[in-house]
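K.L.:
One-letter residues, chain by chain:
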Amino acid sequence: MQAFLDQLWIARWPLWDGLLLTAGIAAAAIAFGTLLGGIVGVQLAYAPWWLRLPFRLYVDIMRGTPVLVLILAAFYIPAVAGLSLGPTEAGTLALTLFAGAHIGELLRGSLQAIPPGQAEAGRSIGLTFPQLLAYVLLPQAARSALPPWINTGVELIKGSSLLSIIGVGELLLRTQEVIGRTFMTIQFYIFAGIVYLVINIALDQLGKSLERRVGQH
Amino acid sequence: MNKPQPLLAIRGLTKQFGAVEVLKGVDLDLDQGDVVSIIGSSGSGKTTLLRCVNLLEEYQGGDIVLDGETIGYRSVNGRRHRLGDRALSRQRAMTGMVFQSFNLFPHLSAAGNVMLGLRKVLKLPKAEARAIAETWLARVGLAARADHYPSQLSGGQQQRVAIARALAMNPKLVLLDEVTSALDPELVQEVLNTVKGIAEDGATLLIVTHEMRFARDVSSRVVFMEQGRIHEEGPAAEIFGNPKSARLAEFLRNTRH
Ligand SMILES: Nc1ncnc2c1ncn2[C@@H]1O[C@H](COP(=O)(O)OP(=O)(O)OP(=O)(O)O)[C@@H](O)[C@H]1O
Ligand SMILES: [Mg+2]
Numbered sequence: 001m002q003a004f005l006d007q008l009w010i011a012r013w014p015l016w017d018g019l020l021l022t023a024g025i026a027a028a029a030i031a032f033g034t035l036l037g038g039i040v041g042v043q044l045a046y047a048p049w050w051l052r053l054p055f056r057l058y059v060d061i062m063r064g065t066p067v068l069v070l071i072l073a074a075f076y077i078p079a080v081a082g083l084s085l086g087p088t089e090a091g092t093l094a095l096t097l098f099a100g101a102h103i104g105e106l107l108r109g110s111l112q113a114i115p116p117g118q119a120e121a122g123r124s125i126g127l128t129f130p131q132l133l134a135y136v137l138l139p140q141a142a143r144s145a146l147p148p149w150i151n152t153g154v155e156l157i158k159g160s161s162l163l164s165i166i167g168v169g170e171l172l173l174r175t176q177e178v179i180g181r182t183f184m185t186i187q188f189y190i191f192a193g194i195v196y197l198v199i200n201i202a203l204d205q206l207g208k209s210l211e212r213r214v215g216q217h
Numbered sequence: 001m002n003k004p005q006p007l008l009a010i011r012g013l014t015k016q017f018g019a020v021e022v023l024k025g026v027d028l029d030l031d032q033g034d035v036v037s038i039i040g041s042s043g044s045g046k047t048t049l050l051r052c053v054n055l056l057e058e059y060q061g062g063d064i065v066l067d068g069e070t071i072g073y074r075s076v077n078g079r080r081h082r083l084g085d086r087a088l089s090r091q092r093a094m095t096g097m098v099f100q101s102f103n104l105f106p107h108l109s110a111a112g113n114v115m116l117g118l119r120k121v122l123k124l125p126k127a128e129a130r131a132i133a134e135t136w137l138a139r140v141g142l143a144a145r146a147d148h149y150p151s152q153l154s155g156g157q158q159q160r161v162a163i164a165r166a167l168a169m170n171p172k173l174v175l176l177d178e179v180t181s182a183l184d185p186e187l188v189q190e191v192l193n194t195v196k197g198i199a200e201d202g203a204t205l206l207i208v209t210h211e212m213r214f215a216r217d218v219s220s221r222v223v224f225m226e227q228g229r230i231h232e233e234g235p236a237a238e239i240f241g242n243p244k245s246a247r248l249a250e251f252l253r254n255t256r257h
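Those protein sequences? They're chains Z and U, same order as listed. Numbering of the first sequence is given in UniProt numbering, commencing with residue 1 and proceeding in unit increments. Numbering of the second sequence is given in UniProt numbering, commencing with residue 1 and proceeding in unit increments.
Please keep in mind that the hints were generated in silico from the structure rather than gathered at the bench. Quick caveat: nothing in here was measured; it's all calculated off a predicted structure. The beta-carbon is built from N, C-alpha and C at its ideal position, and this holds for glycine as well. Treat the hints with caution; some may be incorrect.
Stated by the list, open to error - Sample of chain U residues facing chain Z (criterion: CB under 8 Å; computed from the structure): (1) Asn54; (2) Asp85; (3) Met97; (4) Phe99; (5) Ser101; (6) Lys120; (7) Arg165.
Based on the sequences and whatever the hints tell you, model everything.
P.N.:
If you want it as structure tokens, here you go:
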């Protein structure tokens, strides 16, 4: 145990950097994915079918493809097209597209679950469609979409560990590097596992407390 | 002598849901200050008529003219085109609607519900919108409930907030669709009294109701709808006291207890 703690102390900065990168990539993916998912969800819920179709295809393809495949695709396909994305950019892109599809789909569900009387009441006081979305529909959808949205964040934290495959120096890759040097395989994998678990439990608790706060009315 | 043009003129209104014709040519005029009740059996098209006037439904034939402006559609080379979102929104703001199921915005307080249209549609400053909201909430007897959320209000209170929300926009015309049908019996009267109050204040109201005593009490005119048409129309005393058609007489017999 003491030997492990000594090695952990020696490796503290690389591991810390890996953790920061994991959190940073997940945060970027949830931020961009929420923007993207906002657009996708509104189109899926309200656009005419011909406009809805490309969004529906995007969502179904993203949700039907393993995250690992998305990551490899985002890393290799742009290179073929002559674009060079670094592993971190490619990884963030893949997770953003993944998050956008999931958030889009869950937002569509939340929007369609709002009773039609809400939109009618908004229209009857003269709100335009964008105003209706901004002040009546999205605030209500956001409340019911909050728990699955947090869950998407948890999926992104977990999914970011797959980026080690394309050489992104996030927490898992850093852990593996330390193991390569110290051969303390079990100890460091357990350590990394605990770190992921703590982050995700914290996110979950955050979600629950937010839910309680907005769920009052 | 020229009769001034009516505030609301419905001309030959027809409406189909798919193959089913629900409104089969409705003509109805309302003058400023009129209180007109629509009665009739279930499925006769009362709700659909109100929803057409509030532009919540598209209709296939006829015109609705509000204060001199044909609403909902424009004609280009003899072909009807539904107006776009902005034009429809502007025209919808000229009429208020109170729904059977209240439809308050659950994420906004009572005052927030009343203020939304004042702020975003009429673009009033916040303080002014708040003042108007408080005035109207006081008018419907809910001054002390301004900061309560819909979930904290009784059905009758929610419906009175909905009435305040519609009236605060200062609409030319207010449409009320069975505003007491979703209420517990002991809450019906407070809402009817509120409607009666705004009628006495001079608002122009088009009311769909199953409360015959109320219709008789409050209306300047009563319209009996049957199978998508106006079957009989007249002053409240005539319609209830001396129905001309057998169908209306039968309807009144069945609804009186
Ligand atoms: N969205 C819709 N799609 C298809 N048919 C509809 C729709 N809304 C109403 N209808 C039909 O139109 C007819 C008139 O309905 P409407 O709701 O206007 O009647 P109503 O007079 O308000 O009845 P009630 O007294 O029960 O409220 C009914 O036959 C109804 O089934
Ligand atoms: Mg009805």
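K.L.:
Out of the numbered hints, which ones does the structure contradict?
P.N.:
Violated: none.
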